[in-house]
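Take the given structure of chain A and dock chain B to it, following the hints.
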Amino acid sequence: MSGNGYAVIGGFLELLRFGAASIAVVLGLRTLCFSSSASQSRLENRSYLSALLAYLLLGLALASWIVLYLLLDSFVPESPGAMCIYGVTRIGDGSPGLTGWLPTLIAAVQVMKPVQVFVAGAVVVLYWLYRRAGTPSLRPRFVTALLLLGILSLGDVVAETTYLLVPKRDVAINTGCCSPAAAEAHTTQPVGTADAHWLPPVYFACHLLMVGLLWSGGRSTEMSAAAPWLIVALAASAVTLYVAARFLVDIAAPVLLHLPYHHCLYDLVGTVKESAVAIGLLLWGTFCVGWACVAGWCGRSPDTQAFLAPEIQRFWTWAWMGYLGSSAMFAVDLWLA
Amino acid sequence: MAGVTRQRFWLTLILGGLTVVGLPILGTWCRRHRLPRCDLDGAPIEPIYAVQIVDAGGVKHEFCCILCAEFWLKQQTAASREVRVTDEVSGQPITADDAYFVRSATFTNQATGNRVHTFQERRDAEQHAHDHFGHLLEGPERPFSTDLPAEPLPSARRALRSMRM
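Respectively, the protein sequence lines represent chains A and B. Per my numbering, residue 25 is the first one in the first sequence, and the count goes up by one each step. Per my numbering, residue 134 is the first one in the second sequence, and the count goes up by one each step.
Hint data in this document are derived by calculation from the structure and do not stem from the laboratory. Note that the Cβ used here is the ideal one computed from N, Cα and C, for glycine as well. It cannot be assumed that every hint is accurate.
If you anchor each label on the Cβ, the simulated ranges turn out as follows [unchecked claim]: (1) B:145 <-> A:156: 40 to 50 Å; (2) B:149 <-> A:86: 17 to 27 Å; (3) B:147 <-> A:247: 36 to 46 Å; (4) A:266 <-> B:193: 36 to 46 Å.
With the rest of the complex left out, here is chain A (with noise of 0.2 Å):
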């Protein structure tokens, strides 16, 4: 394991994320499992704990996030041959042994930190819908959620942990720099080439059309919780997210990083910083309209009809302030670049 500050920190955190994970899976079993043994009082006081572990888990989930990716930047004068962030990812490829998995296992991780946070906001959703409800209707819903994010936790600290003990000085990597690696492929365009002309429009008209459909349904009490409107967010939301992925690698990494040739998502945040935080609120924007959909089909129930729709309009109106700031820093960020 590295001895550098981040590597210590990270360790910790996956210290505390296994032992609040674990207790989250055994809560959330004895609870499922044996509730009709358990009297009432006891399993309302249960549901307080999950929710301190929920909001634990989420706050930790978060933390180990940024903390991977402070931690990977800080390998990078570690490992000979590693430009950048993604040199770290390429450490161990083609490697015999434990060390062949490290690609492998980053990806894993990296995949996995924004689902956790995503399910952590859901238990949380879960939680406020129940203790609105003020009746048990909704206890089961919220405990198999919490389980899930447990599980969910204890595999990402699996992954991690293994990532951070195997050793990885003297490692050899193919490709330090994606664009070498880019360019073995065949695949890197210059801006402005073969299919890029499309993405620009695509992506500000996207963000548009979910700033539209977000505030309107954040405006009508009727249509906002309807299972129809809930799918058209929900897939609206997944396309943007799509066309935003792609925009961020084929136009503004080489546009803002003024490398045409550098289709590179961890140098653009490493390089323009403002563009973590215009990622943020896109991330932010399709956690709201997929936590308003969980609020919406895991969280009906005849107890939370009445107060049900005003709280998927509250994520409406967050998701659409976060695609309107995502969209706006871009445009501001592209025309001064």
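Frame of chain A, contents of chain B only:
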């Protein structure tokens, strides 16, 4: 009550607007004094390995190594006016046509895997080739002599690894 809500809405709007407009302006302002970096991958340029290409429009492009410069050149549709490389002994820029190139076991840039070194004098090139297990590049092997890059990075890596084994 309605007045307070409206006031809060406008305050949020103004603060949010200032943030989304102000941060990019501040970021761009902070980045205006950038050190010389490679026009292909953004890596800092070591002065003794710098390569400069003057394109058809007369615009100068700086690169951190020969591989980056060749890759960039390959993407251009119009022929370049001039390619200048740096003599590793004196640090002086020389035209690519007058330079001696040596591919040795020593990397100039670990990230791209470039192992081609540049010299103004033939004896310096031969000395480097002798000291660093390399050979002088001649004919079509010379960088910037064909449209294709001399050697893509990953294969160079693999070759070096097999040499060590």
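The hints, checked one at a time:
no., hint, result
1, B:145 <-> A:156: 40 to 50 Å, "violated, 24 Å"
2, B:149 <-> A:86: 17 to 27 Å, "holds, 21 Å"
3, B:147 <-> A:247: 36 to 46 Å, "violated, 29 Å"
4, A:266 <-> B:193: 36 to 46 Å, "holds, 38 Å"
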